[in-house]
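K.L.:
Chains as they are written, first to last, in the working numbering: chain A, 1 to 298; chain B, 1001 to 1320.
Don't read these hints as lab results, they were simulated from the structure. Just to be clear, a hint being listed does not mean it is correct.
Claimed, not checked - Derived DSBU-like pairs: lysine-lysine, alpha-carbon spacing no greater than 35 angstroms straight-line:
#1 B:K1313 / A:K103
#2 A:K69 / A:K49
#3 B:K1256 / A:K69
#4 A:K7 / B:K1256
#5 B:K1256 / A:K133
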Amino acid sequence: MKIRESKGDRVFEVIVYIILCLLLLIITYPLLYVVSCSFSDPTAVGGGKVWLLPVDPTLAGYKGVFQEKSIMSGYGNTIFYTIFGTIINMVVTIPCGYALSKKEIPGRNIFMAYFMIIMYFGGGLIPTFLVVKSLGLYNTRAILLILGAFSTYNCIICRTFFSSLPKELEEAAEIDGCSTYRCFFQIILPISQALLGVMILYFAIGHWNSYFNAMIYVNKDEYKPLQLILRRLLVEAQTNAAMMESGGASDEFAAEQYQLAQLLKYAVIVVSSLPVMVLYPFLQKYFVKGVMIGSVKG
Amino acid sequence: METNLIREESAGKARQNAGKFQAVCQKIWKYRAYYVLMLPAVIYVAIFCYAPMYGLQIAFKDYRPVLGYLDSPWVGFKHFISFFEGAYFWRLIRNTFVITIYSLVAGFPLPIILALLLNEAQQKFRKISQTIMYAPHFISVVVLVGMINLLFSPSFGLVNNVLEAMGMERVYFIASPDAFPHLYVWSGIWQELGWNAVIYIAALAGVDPGLHEAARIDGASRLQRILHINLPAILPTITILLVMRIGSLISVGYEKIYLMQNDLNIEVSEVISTYVYKRGILNTNYSFSTAVGIFNNLVNIVMLLFANTIAKKLSDTSLF
């Protein structure tokens, strides 16, 4: 039996779609605007002529980005930190989540408490900084790979996932004389691709986007990740520029240079965000799965 | 005679205990592989989470790196008192609460509303709009703040271009203390709206379609069904997330706010976490900064427990 929709319901539906479309517009417009500006002529951007599509398309901004050495070295560093940092994250977090999913091991609750406490209480910034310094890890690449290697929240997601797997698999393997390690690596991990996908993505994007640890623990230029370089270009330079601006631009040449520098900012935003922006739509089903696994209390 | 009995009894108990102990040891040995799998995490947490907790003692000392943790002199609550009595204390508290409460009031209901609306849309439209709405979540904070700076720039920023086209004056938003909280909160909402709706959408997927069917037969309109079926269905999720948000009401993540600070808006943009960073790392006031950090952490815990208790009383749903 099909129930006919009332008039009120149809009006309601139209309103819902209008609101959603408006929201989509608000969310996408700034992104499109930045992309359009990055392809536009510097004077058009400076003169406020860009509204939606690129005006007088040019690649001047991108040329500038690829000529800037610090951006390229930052890019290389970020790729390095993302790949190896994620590997360390996985090695530390996933096996721990697996072990904690076993209810029969003695002292499991003690270990759970050990890991839960740090969710609510911690040493904070300064004592952590002092520990890092005393270990001689200050101003090394290693600290950016190690710091944040374990997160209780992600570990709990892993634990929840592993405890939802059928027990019979491991029991059968055990009877056949399979060791715990072999069982974990050759039976459990291959059927946990969804979880591994979620974790790799969470960790990798975290590494790609983070800047604060690098700002605190690293001050050698050749170790700096992309986000720190971006901070210098986009945030610090912008504040200075804005203060200069309010004093009024001096001559035409300076104004032109200034406009080109602005264009470079739009281009660098696109270049730095592109890898993540291109990847996430394909991987989003994993992300959503992660949120759902994590939302199960246990 | 009697003593003999007692002796025998205690010997029996000891034997029993020894047996128990042995059994536990055997069990531990049997499961040793699992402990090995846990080992990297245990070591990491010991070094980077528990060792710093040991270092918290410097909040009660005048820490000097040459003397180390143990030999630095105890000063009791000196650093806490100087923080509470300092000129910055109330300003920091006020700024922190203005930003977190504003974020909570403006930002908490919106993802719920979005999820309820998306749930009404057709599946294909819903899937596509969700994908698009996630996009800002994957932008880094640095890029987000860079975008704010560009779009709100006084001379060529989009927002000021629009204002000018509408015949209004250009405004120097980035340096304006009045604009700061709005910029901070609404840029955050823009970034996380779609992402924060995911968890509610997942909860809504679990609503029994039979309930909707029955309500429709009884003549309930769509709005009525949203309010009386969907909303109550996701109420436990809402409660849990709200408790967690209230628990972190005194914490503003330093990552974004630090980037948005400048000399002209510092009056309203300095919060506890950025103050800890500046006093501690930049000015090397380690002890003082640690004391401020402890204060922050304690207030967090108290507020989390408080929110949790209230939630338990009102709705039987709670975090723990």
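K.L.:
Take the hints in turn and mark each one as holding or not.
P.N.:
Okay, the hints, checked on the actual structure:
1. As the CA atoms of K1313 (chain B) and K103 (chain A) are separated by approximately 31 angstroms, the hinted pair is consistent with the 35 angstroms bound.
2. Our distance criterion of 35 angstroms between C-alpha atoms is met by K69 (chain A) and K49 (chain A), whose separation comes to about 30 angstroms.
3. Taking the CA atoms of K1256 (chain B) and K69 (chain A), the gap is near 26 angstroms; set against the 35 angstroms cutoff, the hint holds.
4. Restraint check: the Cα-Cα separation between K7 (chain A) and K1256 (chain B) comes to about 47 angstroms, which exceeds 35 angstroms; the hinted pair is violated.
5. At roughly 25 angstroms between alpha-carbon atoms, K1256 (chain B) and K133 (chain A) fall within 35 angstroms of each other, so this suggested pair holds.
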